[in-house]
Amino acid sequence: MLTGLAPLVSGRTRLLILGSFPGVASLEAQQYYGHPQNHFWKILQAVWPSSLMPMGVDSYQKRSEWLLDRGLGVWDVYAACEREGSLDSRIRQPVVNDFSQFLQQCLALEAIAHNGGESFKHARKIAPTLATACAALPPEGAISPWGGPAAKCAGSSIVFYKLPSTSPANASWSFERKLAAWREVFEKHGLV
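Quick note: the sequence shown uses our numbering, first residue 341, plus one each step.
By construction, these hints were calculated from the structure, which means they are not laboratory data. Keep in mind that a hint or two might mislead.
To be verified - 30 Å max Cα-Cα, derived BS3-like pairs, lysine-lysine:
#, residue 1, residue 2
1, Lys502, Lys402
2, Lys402, Lys528
3, Lys528, Lys502
4, Lys465, Lys502
5, Lys465, Lys518
6, Lys528, Lys518
7, Lys461, Lys502
8, Lys528, Lys465
9, Lys502, Lys382
10, Lys528, Lys461
What you are looking at is a predicted structure, and each value in this text was computed from that prediction instead of being measured.
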């Protein structure tokens, strides 16, 4: 059984990119989208061209802060699974992440953009969980159980999108087509 990565989110996360499960290269590096041919980081740089993405050997932490500063977050549908290789089609015995606990870290969340079809298959399961968790949060202005002030929760009105996968296995979409689809969602939520 393989274990996924912790969510990369902050209290400012308005748009969450939700993948299925990290590939082999990402798990080995303990970094989201760690395969050098994955278009994820290249798409972000193209969406935000005026702000250079940190590069270099130890740049992952700085790249993570760079995307968090812009209201973006990253996580996966599955917390754990069995799988040989990196293909979503090989995922077996998946365990879905606890999205009700996730909302406590992401009170500003407006939308979830699924990075590919495997992730999007779970949108209908995730939506009710977020709505229920949202209803259980304290009212705006109250002190939340996790320490900070509670903000307005948009859990019941979170918008879901299916984006083309940034995986190198998704060769039917050119980089330009992927970029256009991703940019449109970012624009809708004020991240561009």
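Original post:
Going straight from one Cα to the other, do Lys402 and Lys528 come out at no more than 30 Å?
Top reply: With a Cα-Cα distance of about 25 Å, the restraint between Lys402 and Lys528 holds, given a limit of 30 Å.
Original post:
Is it true that the CA of Lys465 sits at most 30 Å from the CA of Lys518?
Top reply: Holds, at about 25 Å.
**OP:** Would you check the hint for Lys461 and Lys502, treating anything up to 30 Å between C-alpha atoms as holding?
**Re:** holds, 9 Å
Subject >> Pair hint Lys502 and Lys402, alpha-carbon separation not exceeding 30 Å >> reply: Measuring from Cα to Cα gives roughly 27 Å; hence the hint holds.
**OP:** Decide if the proposed pair is consistent with the structure: Lys465 and Lys502, CA atoms, cutoff 30 Å inclusive.
**Re:** holds, 14 Å
Subject >> Satisfaction of hint between Lys461 and Lys528, Cα-Cα up to 30 Å >> reply: Measuring from Cα to Cα gives roughly 22 Å; hence the hint holds.
Original post:
Has the given pair, Lys528 with Lys502, been kept, meaning a C-alpha gap of at most 30 Å?
Top reply: holds, 14 Å
Original post:
Is Lys528 within 30 Å of Lys465, Cα to Cα?
Top reply: Cα-Cα ~23 Å, so holds.
**OP:** Given the hint that Lys502 pairs with Lys382, test it: the Cα-Cα distance must not exceed 30 Å.
**Re:** holds, 19 Å
**OP:** With a cut-off of 30 Å on the C-alpha distance, tell me whether Lys528 and Lys518 pass.
**Re:** holds, 16 Å
Violated hints for the displayed structure: none, as all numbered hints are satisfied.
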